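Chains as they are written, first to last, in this note's numbering: chain V, 1 to 321; chain Y, 1 to 162.
Hints are not guaranteed to be accurate.
[As the list claims (entries may be wrong)] Computed spacing ranges between beta-carbons, pair by pair: (1) V/Glu-144 x Y/Val-33: 18 to 26 Å; (2) Y/Ile-32 x V/Glu-196: 49 to 57 Å; (3) V/Phe-146 x Y/Thr-142: 28 to 36 Å; (4) V/Phe-22 x Y/Arg-156: 20 to 28 Å; (5) V/Glu-144 x Y/Leu-150: 35 to 43 Å.
[Stated by the list, open to error] Dumping the calculated DSBU-like pairs for lysine-lysine here, alpha-carbon to alpha-carbon at most 30 Å: (6) V/Lys-16 x Y/Lys-79; (7) V/Lys-101 x Y/Lys-2; (8) V/Lys-297 x Y/Lys-2; (9) Y/Lys-2 x V/Lys-247.
[Unchecked claim] Some chain V residues flagged as far from chain Y (calculated, every beta-carbon gap over 10 Å): (10) Leu-10; (11) His-14; (12) Pro-55; (13) Leu-133; (14) Phe-191; (15) Ile-221; (16) Ala-226; (17) Pro-256; (18) Val-264; (19) Gly-299.
Quick caveat, the hints were computed from the structure, so don't treat them as lab data.
On a predicted model such as this, the values are computed, not experimentally measured, just so you know.
Virtual Cβ for every residue (Gly too), placed ideally from N, Cα, C.
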Amino acid sequence: MLELLGGSLLTILHWKYLLPLFLGTLAGVVGGAVPGVTITMTIIVILPFTYGLDPLAGLAAMTGVYVGGSAGGLVTACLLGIPGTPSAIATTFDGFPMARKGEPGRALWLGVWASFFGGLLGGAFLILVTGPLAAIALEFGPWEYFSLFVLAMAMVAGLTESSLVKGLLSTAVGLLITVIGSDPIGNVARFTFGSEFLVSGFPFLPVLIGVFAFAQIMTDIEKFRAPKPMDDGTSASQPTLKVSHIKVIWEILSRPVLLLWSTVVGIVIGVLPAIGGSAANMMAYDQAKKFSSHPEKFGTGTPEGIIASESSWRSAFLVTQ
Amino acid sequence: MKLGRDGVVGLIGLAVSLLLLPQAFGLPSLPIVPIGPGFYPTLVLVFMAITSAILLLQDIVAQRRAGPAAVDVGDPAPKRAYDLVAAAFALSAAYVAVLPLAGFRLATVAFVAAFQLLLERPATPRQWAVLVAIAVGTSVVTYIIFERYLLVLLPRGAWTGW
Numbered sequence: 001m002l003e004l005l006g007g008s009l010l011t012i013l014h015w016k017y018l019l020p021l022f023l024g025t026l027a028g029v030v031g032g033a034v035p036g037v038t039i040t041m042t043i044i045v046i047l048p049f050t051y052g053l054d055p056l057a058g059l060a061a062m063t064g065v066y067v068g069g070s071a072g073g074l075v076t077a078c079l080l081g082i083p084g085t086p087s088a089i090a091t092t093f094d095g096f097p098m099a100r101k102g103e104p105g106r107a108l109w110l111g112v113w114a115s116f117f118g119g120l121l122g123g124a125f126l127i128l129v130t131g132p133l134a135a136i137a138l139e140f141g142p143w144e145y146f147s148l149f150v151l152a153m154a155m156v157a158g159l160t161e162s163s164l165v166k167g168l169l170s171t172a173v174g175l176l177i178t179v180i181g182s183d184p185i186g187n188v189a190r191f192t193f194g195s196e197f198l199v200s201g202f203p204f205l206p207v208l209i210g211v212f213a214f215a216q217i218m219t220d221i222e223k224f225r226a227p228k229p230m231d232d233g234t235s236a237s238q239p240t241l242k243v244s245h246i247k248v249i250w251e252i253l254s255r256p257v258l259l260l261w262s263t264v265v266g267i268v269i270g271v272l273p274a275i276g277g278s279a280a281n282m283m284a285y286d287q288a289k290k291f292s293s294h295p296e297k298f299g300t301g302t303p304e305g306i307i308a309s310e311s312s313w314r315s316a317f318l319v320t321q
Numbered sequence: 001m002k003l004g005r006d007g008v009v010g011l012i013g014l015a016v017s018l019l020l021l022p023q024a025f026g027l028p029s030l031p032i033v034p035i036g037p038g039f040y041p042t043l044v045l046v047f048m049a050i051t052s053a054i055l056l057l058q059d060i061v062a063q064r065r066a067g068p069a070a071v072d073v074g075d076p077a078p079k080r081a082y083d084l085v086a087a088a089f090a091l092s093a094a095y096v097a098v099l100p101l102a103g104f105r106l107a108t109v110a111f112v113a114a115f116q117l118l119l120e121r122p123a124t125p126r127q128w129a130v131l132v133a134i135a136v137g138t139s140v141v142t143y144i145i146f147e148r149y150l151l152v153l154l155p156r157g158a159w160t161g162w
């Protein structure tokens, strides 16, 4: 196995594979950062450019688009409060408040580096323990999936800050949105009110944009006539994209337990069929909040929230692949 | 009886769930599976009705405990522009309604221009020009990116065919 790994590494390090990998990643990041443009859409756009490449170079480009597309969601999550992809939902909770506090660069780079380290650890785990974990995942049946559903409901209690009832009501609204459209077994239309648009239900991405983007716009409009808080013109309150990468990396590596645990959560979720990164980032965020010595800071722009979310989805993403 | 924000949300949640519950009960059962398509929605709606009712009750109790004196206390919170929020919602709803009739390109120009007007009325000819440029530019750029480049068809208008 190690021989194969070494051989593959040496092959991919050749410029004719590194270049399409780099360009594909760049295109993916741009696609992922645009709200409403899905990874699938980006892949469709880039695919024709790979026809002239040899198979391995084409594969490298497509892998770059796929990975970059997922990572691109972080950009809008931090800067606009709109997760570009479902796997960046939990990043929004702390990335956007941090950016609003005048540290958009720190929020972005914390996410990028956490994702990088999560990916590295996830890759190492992937090589070592995927086999045994996949064997467990294959044993998953309806009972286990139901347990996972109950676990997701229990997560609401952990993530709800002030009122459990409000959290549960929000969950109910979310569940109600998922039942609109055709029933998956009998194809019976539910709550469509005769509208053809509703028969196929609500796709995840438009709902995501509606919930995060539209809600954010309305919140901003609500405060439109309120006095602006940053009128003093001091340099400390000016948003900056410049950061010290060493400081950011240290911020992540000084929390090894958080990084490791979030990666493990991502791997465990990643091996389960039909779940993936969008659940992993929420679960890791929930875990990080529970184990934190200052859970009240979550949602206000704490680095732990970004590190947990980004490292977990990246490891889940690797394992899912 | 005065309701707070939570109370209003609870009331809306309760109304929606009670309105949809008869529909869920009316969904046909299937002969091949023991649990019909109405089972899960019923479960969700009952759960929603219960949580909404609890939220409503909590708010009523909180309002009663606070009493009328709490209302008279000067509000230190910044003034909220609820009228603007309501107008923005109405404008968005109008956009959704007009979209299939006027088509994406025309409806988007009108929507973006109207939204800017709602938030801040231009005072100078230059500001008016910027408003029009943003409205037209948004529609044109979106059209070029999505329909020309990504080959995603945007809605045509039933009235305009455009």
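Structure-based check of all given hints:
no. : hint                              : result
1   : V/Glu-144 x Y/Val-33: 18 to 26 Å  : holds, 21 Å
2   : Y/Ile-32 x V/Glu-196: 49 to 57 Å  : violated, 26 Å
3   : V/Phe-146 x Y/Thr-142: 28 to 36 Å : violated, 43 Å
4   : V/Phe-22 x Y/Arg-156: 20 to 28 Å  : violated, 40 Å
5   : V/Glu-144 x Y/Leu-150: 35 to 43 Å : holds, 39 Å
6   : V/Lys-16 x Y/Lys-79               : violated, 60 Å
7   : V/Lys-101 x Y/Lys-2               : violated, 36 Å
8   : V/Lys-297 x Y/Lys-2               : violated, 33 Å
9   : Y/Lys-2 x V/Lys-247               : violated, 52 Å
10  : Leu-10                            : holds, 37 Å
11  : His-14                            : holds, 32 Å
12  : Pro-55                            : holds, 26 Å
13  : Leu-133                           : holds, 30 Å
14  : Phe-191                           : violated, 6 Å
15  : Ile-221                           : violated, 5 Å
16  : Ala-226                           : violated, 4 Å
17  : Pro-256                           : holds, 39 Å
18  : Val-264                           : holds, 32 Å
19  : Gly-299                           : holds, 19 Å
This entry does not satisfy hints 2, 3, 4, 6, 7, 8, 9, 14, 15 and 16, going by the numbered hints stated previously.
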